[in-house]
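K.L.:
What follows is the residue order along each chain.
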Amino acid sequence: MNTVIFRTVAPFLTALMLLFSVFVLLRGHNEPGGGFIGGLIAVSAFAILGIACGVAAVRRALVMHPMSVAASGLLLAVASVLPSLFKSQAAMTSQWLEFTLFDTPIALSTPMFFDIGVYLVVVGAITSIALSLEERESD
Amino acid sequence: MAATKTGVDIAAAMITHPTAAADWLLVAPVLLCMVGGATTLILRKNVRIQPLVGISLLALLVLTNLGLFAHVWQNGVVTMVMGQWLPPFGIAFTADALGVTLALIASIVGLLAGIYAAGSIAASERRYGFYPFLFMLLCGVSGAFLTGDIFNLYVWFEVLLISSFGLLVLGNTTLQIDGALKYALLNLIGTTLFLIATGLLYGLLGTLNMADIALKSRALGDSGPLLGISALYFLAFAMKAAAFPVNFWLPASYHTPRIVVSALFAGLLTKVGVYALLRVLVLLLPAGHNWMHGLITVVAIVTMLTGVLGALAQADVRRTIGYLVISGIGSMLAGIAVGSEVALTGAIMYAVHSILAMTALFLIFGITGKDRGTFNLRELGGMYRRAPLLSAATLILLFAAVGLPPFSGFWPKVLLVDGALAAGQGWLAGTILLASILTAITVGRIWIFAFWRGGPEGIADGTQGVETGPEAMPLQVPFTAWLPLAVLIAMIFWLGLQPEGLMQLAETGAHTLLDPTAYVQSVFGVTP
Chain A
0 MNTVIFRTVA PFLTALMLLF SVFVLLRGHN EPGGGFIGGL IAVSAFAILG IACGVAAVRR
60 ALVMHPMSVA ASGLLLAVAS VLPSLFKSQA AMTSQWLEFT LFDTPIALST PMFFDIGVYL
120 VVVGAITSIA LSLEERESD
Chain B
0 MAATKTGVDI AAAMITHPTA AADWLLVAPV LLCMVGGATT LILRKNVRIQ PLVGISLLAL
60 LVLTNLGLFA HVWQNGVVTM VMGQWLPPFG IAFTADALGV TLALIASIVG LLAGIYAAGS
120 IAASERRYGF YPFLFMLLCG VSGAFLTGDI FNLYVWFEVL LISSFGLLVL GNTTLQIDGA
180 LKYALLNLIG TTLFLIATGL LYGLLGTLNM ADIALKSRAL GDSGPLLGIS ALYFLAFAMK
240 AAAFPVNFWL PASYHTPRIV VSALFAGLLT KVGVYALLRV LVLLLPAGHN WMHGLITVVA
300 IVTMLTGVLG ALAQADVRRT IGYLVISGIG SMLAGIAVGS EVALTGAIMY AVHSILAMTA
360 LFLIFGITGK DRGTFNLREL GGMYRRAPLL SAATLILLFA AVGLPPFSGF WPKVLLVDGA
420 LAAGQGWLAG TILLASILTA ITVGRIWIFA FWRGGPEGIA DGTQGVETGP EAMPLQVPFT
480 AWLPLAVLIA MIFWLGLQPE GLMQLAETGA HTLLDPTAYV QSVFGVTP
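Sequence order for the protein chains is A and B.
Sequential numbering from 0 applies to the first sequence in numbering that gives the first Met the number 0.
Sequential numbering from 0 applies to the second sequence in numbering that gives the first Met the number 0.
In isolation and in its complexed conformation, chain B is listed as follows (with noise of 0.2 Å):
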């Protein structure tokens, strides 16, 4: 290094000792989706290539994060600092079992949808960029979950903004656009404040990193301008997660793109809100996250209600799994609010489970939409006749998605409630109960409407619809729409019947937001 050669000691500014190479795995996520971007950028006319080469770089994006899975499981939190530089200057890449556990879901998501893209999206919208906006948008999402710097943070959020507006109007329709529209517009708007809490948080404390601001904000205790910026992180990262009031853009644009978008965003896009808000509130403002304990609660109320009782009145079956994924926002929230550990690690099992499950529900009524050409509830129906291997799969989906046992919705849901009630919030229990049961009343609604019925509105029950032509005929589900289902499912029913593994996760990541000594040692305690 040409600092040594003047006589500099670098080691007031540097790290000395050397890294080991499995450290490289923190980084390797980010680095593997920008190379797979580039490439299938490159490969964009040949969509023969293209697709192939997208998905073999997303099946090793899964492997890579299995390394770093099982790196973090071996040693607890690990650390690695951008060009040596001391901590807290230099920019940190934190991996936590938090932000591992779920990088390592949303990469296997990711890899499930580039399958699934490859039969359903057509040759011309990829050449306009599929892949690379859905490595792009991988890119966001892992570097946000692994990243240990806030501002660092800022900046994956606006990665996976920026390449979820491209994968949004994949398709060009009108009414794409004006689903574009509102989305962007309120997103943009709670990054600006996500901008602005984190230029205020840094005039107050004079440091960007997470485990620094943890320490700091602790010593501070409760000042005024700290809760203020808190209530700000608390606005911003609201809507990034969809909570009530300021969920309004979610229904109005998760229906309008190409099914295996909406799956993904469902999927990913808010969770990571949801992830801000657990890494931010509890690891690194406790007192703005004490403060706001009621209005969270509040908030949590509320977006469960409105969420299954918005999902209750769609007719489009796109909106009704929208407004879905906003009442789990709300379960997740509910975590949040109660803030012990049992609470956070039902949110954090929950997140988990509403990841794989609105995805796998997102593809599902893909393949159905794609033989009826319709998504609306009315006209569809018929379907157990014609695929009743489908049909209960989708049926395993929404006893999951209501958290009925043994899928994995239910163990987090009993680590939710269980934690509310060992907190004396029995309003909390109660309403992620009562949601649940107008959950089930939905979902009931859609499996009969959808599969068990006769055929669409108008034909009488009995009467078995269509007896020829093409609607009579069982439905073909093409290789790469079963394969994602089935791993899918799968998971699902595999965190249901063994959900120790998880929770053990779970519980580890909520015991380092909640006391942040493993995590500041390492970003800080390496030093000999």
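For reference, chain A alone in the conformation it holds in the complex (with noise of 0.2 Å):
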């Protein structure tokens, strides 16, 4: 699989697949998509670079381990789940804040942190299982 021309493609196929994995992300609070999907989207745009380029060019891409990915997606999916603490309401009812920047209105929620700390754990820990299948072929 190494040859000049998917060399050459992927790491700009990697970088449209990301933009489209936060795309997705995004998007999924009102329409199909979510963290989940959004996630493994990101994890195949890894994959694609790690096969390309080698194991190494994405740990190096990544700089923080994918281990370490997945459990800070996890503490903030933890923390989106707190604000409603202080709000006297049951956990993980969801918190809006809304403001307009730009002129374009703006919705911030607690759902979508949550969505981001799924999108993270799932980036982690499939990229973390995707790259040491490559590593071994590569042995």
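Read the hints as simulated data drawn from the structure, not as lab findings.
Take the hints with a grain of salt, since some may be wrong.
To be verified - Okay, the calculated bits of chain B under chain A, using three or more residues with CB under 8 Å as the criterion:
#	stretch
1	8-22
2	30-42
3	79-87
For every residue, glycine included, the Cβ atom is placed at its ideal position computed from N, Cα and C.
Using the supplied hints, reconstruct the complex from the two chains, each of which is provided in its own coordinate frame.
P.N.:
Below, the structure written as structure tokens:
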């Protein structure tokens, strides 16, 4: 799989897929999509990069170890559950922050942060599995 | 909230009264376990700090569970519905006396296992995730004990199952992979059956909320589909609880992992199956429970006897304890089979006793096993001379496992036998006593072989075994092993001498199971 064409295209493809995964993640609140499926798209992007340029390149690009990414996602998801405690509401009750930025209405909410947490858990866990499988192959 | 601005009446779908901060204690154990799992995972490279952080968070978990326990003790059954949605649509967390007692004991055992592991699990295996897996296991166990939604119960089963796979193969030997395969296969079948039964139940009753199911199934009475679903649930949870004849995965896998993992599994995992049986058969589907009365009795009798006979036949002490766990499951099933309040109280108390005693037994043989490098009874021996205090501790635990006073195993057995006799089931009562006698023979054999005699097989009695070298030195027991054992033994003593508190708790738990009024009221009845 180590052809010149593939190696040249792979970084662009990865960047495009990562962008698309974020789009799918944010769109998931009201339409098909969400953290899980977005995370899987991001993992496919990393897997393609790994096949083309080697696992070491992916690990460098990720900076953090994939398992730490998953763990921080879990922490973010737990944190998104907590704000309703301070409003005397049950756990996981959604809290909204709506404002206008440059004439664009923006709605931030705790479910969105929960979804980002899910996204990170999926990216971290599955990338970790994919990378170790690819590493074995190259041995 | 967004909905208020649009003028929609949210009171039709959501709880509008404020939630007390104390109710957050319901979800705190689960959230804390997730935080613990994530933190120890991030710290996995730092093998010096990681156990400290892990143990402190486990201690915090015990404190949280104590808080929840006090909350339930004062206010009866408490409920919190996620996201304010009105039950039965929102996912409810409901804690009653049964769930909260088991959650508390589970977190204590988790803390003690975490301390023991700090001294016994190699740094490389900690790096491969002992503590994260421990936290996720406790997350699944606490979630299962506290949830009030049957599909959610399935999810927590998955969480604890997946983390138990990880713990099982920690160490990467062929034997462990072999044990994990058997364990995984049968447990996955059990979980799938659980899922299928839940799907069918949802199709039949149109609800997943436990309080709602309890009401609707009682209104439905003896319907064929409901009885079939109960049978599926019984099979699924019997696999989890290691009841005969679907228990062969337990002796095939429990002797392969690290000893502290075996201790955790023997203490917690099968008891989660028993808890699910209590919850689903007694609280949710009483019609199915009555219908399967005879079947459960037979299963209980055979499980008790095959368990203890299996224990008698083993040479590996870890397998012996594994079979003793199974025999104990038989006793708890006997309580479920009788189904009266006294018998269920006995079963709940037995579950608590079994969690403490079986965990402690595995930990003790972890110490002797590490010293001698073997778990085979033929090769053990002469421990009494080298570690008299440890020998005494073992004897206490073994007596507790038999059910001798003044230890924690005595009172549950009294209640179980009393309940069985009151229900006119002399055979069941007789089997409980017979199994206790056979257990006495088994544990006597363990103690004589491993501790009392002069040395391993081949050394004549009275010749003192090895006179010089490291084999003759007093056994050094590290602090991380002593502390958990001392706490467990103190609790076993205390529950034997002062059983009233636990008995009252278990009685409240059994009462809530048989008469769901309090449970249902907690979920639905808060509307002013």
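K.L.:
Now look at each hint and say whether the structure bears it out.
P.N.:
For each hint, the structure was consulted:
no.: 1; hint: 8-22; verdict: holds (count 6)
no.: 2; hint: 30-42; verdict: holds (count 8)
no.: 3; hint: 79-87; verdict: holds (count 5)
When the structure is compared with the earlier hints, no violation turns up for any of them.
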